[in-house]
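Given the coordinates of chain D, assemble chains A, Y and L onto it according to the supplied hints.
4 protein chains.
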Amino acid sequence: MMTGKQYVESLRQLKTRIYAYGEKLENFVDHPLVKPHINSAAVTYDMAHGPELEDLLTATSHLTGSKVNRFTHIHQSTDDLAQKVKMLRALAQRTGSCFQRCVGFDAINGLYSTTFDMDRKYATEYHRRIREYVRYLQETDKMVAGSMTDPKGDRSQAPHEQHDPDLYVHVVEKNEQGIVIRGAKAHQTGIINSHEMLIMPTVALNEEAKDYAVACAIPVDAPGVVHIFGRQTNDSRKYDEMDQGNARYGVVGGEALSVLDNVFVPWDRVFMCGEYEFADVLVQRFASYHRQNYGGCKAGVSDVVIGAAAALAEMNGVDKASHIKDKLVEMIHLTETLYCGSIACSFQGHPTPSGAYFVDPLLANVTKLNATRFIYEISRLGHDLAGGLIATLPSERDLRHPEVGKYVEKYFKGVASVPTVERMRMVRLLENMTGCTALAESMHGAGSPQAQRVMILRQGNLRHKINLAKRLASLQKN
Amino acid sequence: MMTGKQYVESLRQLKTRIYAYGEKLENFVDHPLVKPHINSAAVTYDMAHGPELEDLLTATSHLTGSKVNRFTHIHQSTDDLAQKVKMLRALAQRTGSCFQRCVGFDAINGLYSTTFDMDRKYATEYHRRIREYVRYLQETDKMVAGSMTDPKGDRSQAPHEQHDPDLYVHVVEKNEQGIVIRGAKAHQTGIINSHEMLIMPTVALNEEAKDYAVACAIPVDAPGVVHIFGRQTNDSRKYDEMDQGNARYGVVGGEALSVLDNVFVPWDRVFMCGEYEFADVLVQRFASYHRQNYGGCKAGVSDVVIGAAAALAEMNGVDKASHIKDKLVEMIHLTETLYCGSIACSFQGHPTPSGAYFVDPLLANVTKLNATRFIYEISRLGHDLAGGLIATLPSERDLRHPEVGKYVEKYFKGVASVPTVERMRMVRLLENMTGCTALAESMHGAGSPQAQRVMILRQGNLRHKINLAKRLASLQKN
Amino acid sequence: MMTGKQYVESLRQLKTRIYAYGEKLENFVDHPLVKPHINSAAVTYDMAHGPELEDLLTATSHLTGSKVNRFTHIHQSTDDLAQKVKMLRALAQRTGSCFQRCVGFDAINGLYSTTFDMDRKYATEYHRRIREYVRYLQETDKMVAGSMTDPKGDRSQAPHEQHDPDLYVHVVEKNEQGIVIRGAKAHQTGIINSHEMLIMPTVALNEEAKDYAVACAIPVDAPGVVHIFGRQTNDSRKYDEMDQGNARYGVVGGEALSVLDNVFVPWDRVFMCGEYEFADVLVQRFASYHRQNYGGCKAGVSDVVIGAAAALAEMNGVDKASHIKDKLVEMIHLTETLYCGSIACSFQGHPTPSGAYFVDPLLANVTKLNATRFIYEISRLGHDLAGGLIATLPSERDLRHPEVGKYVEKYFKGVASVPTVERMRMVRLLENMTGCTALAESMHGAGSPQAQRVMILRQGNLRHKINLAKRLASLQKN
Amino acid sequence: MMTGKQYVESLRQLKTRIYAYGEKLENFVDHPLVKPHINSAAVTYDMAHGPELEDLLTATSHLTGSKVNRFTHIHQSTDDLAQKVKMLRALAQRTGSCFQRCVGFDAINGLYSTTFDMDRKYATEYHRRIREYVRYLQETDKMVAGSMTDPKGDRSQAPHEQHDPDLYVHVVEKNEQGIVIRGAKAHQTGIINSHEMLIMPTVALNEEAKDYAVACAIPVDAPGVVHIFGRQTNDSRKYDEMDQGNARYGVVGGEALSVLDNVFVPWDRVFMCGEYEFADVLVQRFASYHRQNYGGCKAGVSDVVIGAAAALAEMNGVDKASHIKDKLVEMIHLTETLYCGSIACSFQGHPTPSGAYFVDPLLANVTKLNATRFIYEISRLGHDLAGGLIATLPSERDLRHPEVGKYVEKYFKGVASVPTVERMRMVRLLENMTGCTALAESMHGAGSPQAQRVMILRQGNLRHKINLAKRLASLQKN
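First to last, the sequence lines map onto chains D, A, Y and L. Heads up: the first sequence is residues 1 to 478, going by the working numbering. Heads up: the second sequence is residues 1 to 478, going by the working numbering. Heads up: the third sequence is residues 1 to 478, going by the working numbering. Heads up: the fourth sequence is residues 1 to 478, going by the working numbering.
Looking at chain D on its own, in the form it has when it is part of the complex (with noise of 0.2 Å):
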């Protein structure tokens, strides 16, 4: 297992490219509008090591006996599924943001029980072979984007019905000693800092568009592939430590289009070509578990946020008032329910066929839509809790300058037992925290919340309920 440190250098060894901002970044591992991601994902790679969150950070390699980065290690259990959301919690407590690293995670164990299906139905040989990749991320450590989202172009219209075939990743050729896929993946979370890419079809597919059932892993600065950085909301506020409030580990994972331009995958990194209906299945069994997430890393970035409302609170000198401490307790409130659906989708989870195990797809949903509510509901009530200031604060240019700087001081005091300079932090971590990029991370990662109410009425089983009332309402005697 790597170090944070050796991760970082690993990166170095890359030849990413990467483009932000309008222009190329020569060197994106020390650039400040990438820095703090990379800081973010490097702490899933040190908390490994340290004795506070082993237990979580780490587990036993099925394939290989050997202890392994959890974010490498296929589920065994529903321990190890609960597991997971308690690292993902512990690790957003610790960073306030994202670490990126969870959607690669996903990736390998939806892959690794669909190809099991997949090979029983056609005797395939993509399982062996995403077992020998998951054996070589663990033996490496190395950093895995799973990458689902096609640009999608008119939602009208299926992949093959585009007006630009291209706006779905697809095969392009086939040969001994591979296949050629072209198109590009939208909102890649931590890709510009990850070793590989695992590329998967984003949506059912019928046999028509069979060319885009396409799954397989690549490097992520294999031969045509560029990568395009998204903006953020302050995302030149990377260039000041104070005002970006999270200066460590910024606030968001970073996010990028990721163009394969005619890329070349050999086809041992191959793990479906052409079998769509499988395609549905994936989608599904990658979602749910990503889906699963949220009660934990969002808690726990919630924390923070209730965290920094709470101290602004006392800064202000409020924070005995009866209606702060009931805003605090709601906040806590919609934590801990966002919490509760993750833990039970866990410890309701089952083997695959595979031994893999899944998570209960209806209440991951379940959990998925609540974020898309309650961050932002979190997020309004931090904003009344930390007052106008929120909105309107001077920059930390403005508290250091030679003449202003005293105004600055002594009218953004508060209580007078704390620093202004303390204050004006805390601020802009709130600030920071609860602003559009963030937000919306919450809305549409891991799907929007439409693709979670179409799941919940598939998973529902209106017909049984049905059927429960009919019993009471004696029909049958009628």
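Hints are computed from structural coordinates only; laboratory data are not their basis. Incorrect hints may have been included.
Identical chains blur together in the list; that is why a pair holds if it fits in one copy or across any two.
What the hints assert, rightly or not - Here are the computed lysine to aspartate or glutamate pairs in the EDC-like style, where the Cα-Cα straight-line distance is at most 16 Å: (1) K24 x E403; (2) K406 x D164; (3) K325 x D55; (4) K152 x E314; (5) K406 x E23; (6) K5 x D141; (7) K406 x D261; (8) K67 x E139; (9) K320 x E403; (10) K410 x D164; (11) K5 x D46; (12) K470 x E422; (13) K152 x E409; (14) K410 x D261; (15) K470 x E314; (16) K35 x E241.
Then chains A, Y and L, alone, in the frame of chain D:
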């Protein structure tokens, strides 16, 4: 373990004094006001024998090694805690109602660990007594009512400060044989069809109030005990089969005021007597166990409500409309969110020094607080789907009337394929499951919402959260 | 203008055929099931004479220049529209109930302008007839029920496609004297204690359904008319003074199914007959007027609910607690938000070609949609403040019982200064005002929520909003 | 009345000292950080001349009979109050932003009636002075910032109890010419591009704090005044046309801390000086006027947000989906509910003894409280409709980049008919309108939610409601 039938017969042996609607019930077992509640409790006996739910309804006694009805069991693991939740949901799906027996179940578990702690501190013998009492319940399979809530009079005054000292149950005499208590317990679910009542204090107490620190068990028909049955929404419909909706089981548990007019209790049934500082401990243990339940039984009841609403949508011919499906999804979503709380607080449980397992109290309180909101929202959505008939449907007698029955038959028909009487029955089921009594039960059962909020603040560890935020805002460096 | 007493006497002259709970009501005027509803409607007559609300309850007829009861008036200004709202709130504060008379009020106003438009297009004489009819109502001060809602059968089928053609009211014969209609109207508020019923179609109609395009007025005791009274929450408590909560006025308006079994209507009482394309116009006019009401009467009813909750908080000794005050603030906030909708849609009203003023339809629909949510939430908060007694209080008969009355008296006492019976009465008031019938009325009265949503989309002018956004996003320049 | 251009030129004449992002702005009028806010305020000048909104933007002065810009007008009727709301909505629809000028508008109106009451009690001449000042504003059409909010330091301490006496503005010297004040005003909307600032106290004051009871007007560039501009969400994007979303007008008003370092005020610009018991009156008058606005301007801003969301749905090809339409309906519903509050509190307004009209304070507070919730919910729904791009879209510079621009162009295309740049622009508009600054403005502008709750309790007349309930529960008879 008794069967349902044996349970009903055993009630006939009692001399329970019950008043309802201004009359003394001579044969309460067959009385229409009481019968549905007895039927519902009887299911907890019957299901322990049938194959369908035997795993959930039974457990192995840690005292005797025998198979016992789970409602008399002391939780030995987090699995036991989770099985309880699943049992409650399964029973509620089958009864659509309250089966009342969880209150005593939670009382014996709360007392089990609290008495252990009391004995350790005071070398008392309460824990031995409660073990004996539990063994007695397991062997006889008696139904015990958990009796906590006192009438409380003026809520701004402590028990010993009330204008009438009896507004909380207290010890009025102690002698060699035992103690004499006076007062009353309010909102006593299932007490009139229980065998025993297990009395506990209802608030934290200080030394001045030590006479109020009393826990003990008595038969419900002990001399000096009088029960006055409360009215429920539409209680008079218990005389009209169809109009009551759920004729067999009713829609909530019957509640009573149980007056204790100088009731003698022998020492071997006394489990607390003056150890006032344990009152709060016991209240919180019992309350947490009891709040755990609400994502079990209320989720099961909601399953029926959802089923009834979906059935009515079909009968109205609107089940294909997207807004109808969307509301059903929302009802399922809320129900499963509630369930997640109960499941999570169970699996996050831990052993007490007594060996009995305790739920996670923070998550148990979160669960109950959700119930105080979601059940109302689920009912609201149910009313939406039902259509206006839920407020205006004529009586069964009108349907059966020789002159106007034909009009009722003709004009309350929905889709052609469903008999009018089936639609009417389904409306009645939904109407009665969403009435004031059912809603208010989800609000105040196991404590009113403010009680949960206080516990969430106590358990929420705000200081830890503040420290998380301070670390990320780099406050230690300034 | 009649007094309340004259109104009651006038009802005795009618031969209205009413069935309720399986019986034909011979003297419905004094029947306990009906009496409270008559009392409530009588207030609309009495208040027009008293000094307190005379300004609100009366208006000057534009037809005759005489002072008339406002419930028979055609709105002549936005002030008239706003006075209506204030009148409804004032009456609801005094009755705590539905006084039923707004339905006919809205029907005459809806028909007044729609017939004007019909005459303009078809040179019919409907508008003259409705003017005559309004003048007749103003002079006789008769109470008219607005009869719109048909039973509707299978909602996926249009009126003429139903398995039974009578599931919507339709014309079965036309002759020189008039027409004969058949069908039924459901959920008819106040109809059994009205003098007249004013029949209108309930949905948009196409040419095939033109026989269903019929509007006309008939006496409620016309040959062929039979009324079957619906059950309400706790309707049997109408026989127990105290337990019904609001013994004088009941808690909602009584609703009936009114069967029209080949009823003859003379031509001068026919206001639409075949002009199918005006069905939608009439429905939307009536519905908007009727939706306008919900921030008036429901705000008034909520004022009473808030008062009852606040009174119970005082009686319980908790009125100083901050969480109690906070909940009362929330109840007031929701009530006033509801009221704002009605006031706003009135002042934003405008004249129709007929001269009658019409409310802003967008804001009227918004108002009603809020009612379908807020009344539930206000009730939920009321339950919270009331405490558990709202679900478990014994009957008045128990309070009066020679043996157990003393216990009820003793143990249901709150603060020392308030007699137990007062606390019990207040619990009963709140319980009955928040029951299923009252809640469902706020959901489905004036149309179910989806009907409002459809209108909001129609009226919301989305294209204009898109253009605003495009202009600001500088799209025209690209 | 000035035109927008004249307004901008007039700002150049000022010597306003403004610091932003650590620098003194030498030419603030053309500075990218400030320019959009000036453009937005300029619209309030231009629209008074154009035909489109002239009726809303102008009024007839009751002082001079001349036509004046409405922002300098004293309300003479409920129609004036309603016109104000409609003006604010119309301006917000056109700017999508804050145009800042309402604060001073509300300040002159609040002072107008309060000084009248002060003069009546103390025979002071404040009212004459404010009339003169209003006339001056009307004649010069100057923009005046309403300056109420003090920094407040420790919120648990009164102004005179603070560790630093300057944390609230106070009088430090009085002489024959005038007074000298010290302190600062925080969160000053629009102040850096105003001509004048109108200072008022921010809390109720007692006699000990009478030095803090000061109201007066000064030029924003008076000696001793220094403005420090606050940071906003994405403020650095003001340097990137497309990425800021609403390049012309920005997305909220710029706010500043305005330091008053021993500023001299001549007596004819002093409107309160020591009359501490009127501080609360003035605060509540100003606050109610200001809370009235939120259903005007925020509804207008929300119209743009709805339009942007709807436009994106079309560009994504999902505008026909029922769940999309349902969310748009909800956004419209919330927006119009907000608007109803402003309209209702205007039409329910009444004259003060001074002749100036005042809004209904209960309904004005209700309106603002709704804004603190609905704007968040509307933004949440906007994020839902926008899709994940709102969090991950690359910069305009990437779109224009010679190497990767083609990928951005290709892969961020939605439906074929809409150019990629248009979709990107629309995402940016929505993103920036729903950022932290915009949300927090709806939370804390015109006072934080708890301030509104306190006023709702004060104005809600709970005692009257309790009496209504008691009468219906027949309590007087027992």
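Original post:
Within a copy, between copies, both or neither: where do K470 and E314 come within 16 Å Cα-Cα?
Top reply: Close across copies (12 Å), not inside one copy (55 Å); limit 16 Å.
Original post:
How would you classify K406 and D164 at a CA-CA limit of 16 Å: within, between, both, or neither?
Top reply: between (59 Å within a copy, 13 Å between copies)
**OP:** If the cutoff is 16 Å on CA atoms, where do K24 and E403 land: within, between, both or neither? Let me know, please.
**Re:** between (38 Å within a copy, 10 Å between copies)
Original post:
From the Cα coordinates, with 16 Å as the cut-off, is the pair K320 and E403 best called within, between, both, or neither?
Top reply: Cα proximity of K320 and E403: none, with 36 Å in one copy and 50 Å across.
Original post:
Between K410 and D164, at a C-alpha cutoff of 16 Å, which is it: within one copy, between copies, both, or neither?
Top reply: between (59 Å within a copy, 8 Å between copies)
Original post:
Between K152 and E314, at a C-alpha cutoff of 16 Å, which is it: within one copy, between copies, both, or neither?
Top reply: Between copies, since 14 Å is at most 16 Å while 47 Å is not.
Subject >> Copy assignment of K325 with D55, given that the CA separation must stay at most 16 Å >> reply: neither (34 Å within a copy, 43 Å between copies)
**OP:** Could you figure out if K152 and E409 sit no more than 16 Å apart (CA to CA) within one copy, between two copies, both or neither?
**Re:** between (50 Å within a copy, 14 Å between copies)
**OP:** Using 16 Å as the alpha carbon limit, work out where K470 and E422 are close: within a copy, between copies, both or neither.
**Re:** between (62 Å within a copy, 9 Å between copies)
Original post:
Under a CA distance limit of 16 Å, which applies to K67 and E139: within one copy, between copies, both, or neither?
Top reply: Intra 10 Å, inter 49 Å, cutoff 16 Å: intra-copy only.
Original post:
What label fits K406 with E23 when the C-alpha limit is 16 Å: within, between, both, or neither?
Top reply: between (38 Å within a copy, 14 Å between copies)
Original post:
Between the shortest in-copy and the shortest cross-copy C-alpha distance, which are at most 16 Å for K410 and D261: within, between, both, or neither?
Top reply: This pair counts as between: shortest inter-copy Cα distance 12 Å, intra-copy 56 Å.
Of the hints listed earlier, those the structure fails to meet are numbers 3, 9, in rising order.
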